[in-house]
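*Asks:* Sequence:
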Amino acid sequence: MSNQSLAEELFAQLQGAPLQQVSQQLGIGQMQASNAVGAALPLLLGALGKNAAQPQGAEALFGALQKDHAGLDLGNVLGAVLSGGSAPGRQADGAAILGHIFGGAQPRAEASLGQATGLGSDKSAMLMKILAPIVLSFLAQRFLGQGSANPNALSQILGQERQVAQQQGGLGGGLLGAVLDQDGDGQLGLGDILKIGSGIFGGGR
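Just so you know, we're using the working numbering here: the sequence shown kicks off at 860 and counts up by one.
It cannot be assumed that every hint is accurate.
[Claimed, not checked] Computed list of lysine to aspartate or glutamate pairs in DMTMM-like fashion (alpha-carbon distance at most 20 Å, straight line):
hint, residue 1, residue 2
1, Lys-988, Asp-952
2, Lys-926, Asp-952
3, Lys-988, Asp-932
4, Lys-988, Asp-927
[To be verified] Pairwise CB distance ranges, derived in the manner of DEER restraints:
hint, residue 1, residue 2, range
5, Gln-1005, Gly-886, 32 to 42 Å
6, Asn-1011, Asp-981, 30 to 40 Å
7, Gln-1005, Ala-871, 18 to 28 Å
8, Gly-886, Ala-1012, 33 to 43 Å
9, Ala-1012, Gln-872, 16 to 26 Å
10, Ala-955, Glu-918, 14 to 24 Å
Calculated directly from the structure, the hints in this document are not laboratory data. Positions of the beta carbon are idealized from the N, C-alpha and C atoms, including for glycine.
Please model the complete structure; the sequences and the hints are all you need to start from.
*Replies:* Below, the structure is given as structure tokens:
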């Protein structure tokens, strides 16, 4: 069993040509792309961990992995997402996946990532749409092959991932803590993101 976090493991798989493709797609340098991906992966996985902390969230995510993302090759998903071509429908629909992960808080999460990485909202939104299907395919590939795969185990693994990201800090961990844990109620709410963006929104509901 690797001591790497899931984010680190996936980040390692994206080195080389995939990262080059991402930087070309966004029209930015490879170093900036690498930094942005390194910040976005813990944010996406941490948000999934937050959602999966609730039993209904864990069941919904587990079902989505089985239904839409099982058996997909990471390279194929990456190629489909980056080419914008005839990608497998829901599997590569980053916008829809982000909507499920962040709900109404999605624009604020994108703005926070854009501000933290210097990408700006538009390019950070593009980056998250590229990465969201890749993250879910990676989770399906990494997790569904295990005999112990079930919603509870998925919730546990993603919960550990969220803790690791926050303990490690850095840009990804710091952003995750800021975006997800503003009101400490265990729910990602629009109030959480607004408090990061403006500091003037009082409640978490």
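*Asks:* The structure should be examined with respect to each hint, and the outcome stated for every one.
*Replies:* Right, here's what the structure says about each hint:
1. Lys-988 - Asp-952: 8 Å, holds
2. Lys-926 - Asp-952: At roughly 14 Å apart (the allowed maximum being 20 Å), Asp-952 and Lys-926 satisfy the hint.
3. Lys-988 - Asp-932: Holds: Lys-988 and Asp-932 sit about 18 Å apart, inside 20 Å.
4. Lys-988 - Asp-927: Holds: Lys-988 and Asp-927 sit about 16 Å apart, inside 20 Å.
5. Gln-1005 - Gly-886: 32 to 42 Å: 39 Å, holds
6. Asn-1011 - Asp-981: 30 to 40 Å: Between Asn-1011 and Asp-981, where Cβ atoms are some 38 Å apart, the hint holds.
7. Gln-1005 - Ala-871: 18 to 28 Å: Cβ of Gln-1005 to Cβ of Ala-871: about 20 Å, so the range 18 to 28 Å holds.
8. Gly-886 - Ala-1012: 33 to 43 Å: Holds, since Gly-886 and Ala-1012 (Cβ atoms, about 40 Å apart) stay within the stated range.
9. Ala-1012 - Gln-872: 16 to 26 Å: 22 Å, holds
10. Ala-955 - Glu-918: 14 to 24 Å: 19 Å, holds
The structure meets every hint from the earlier list without exception.
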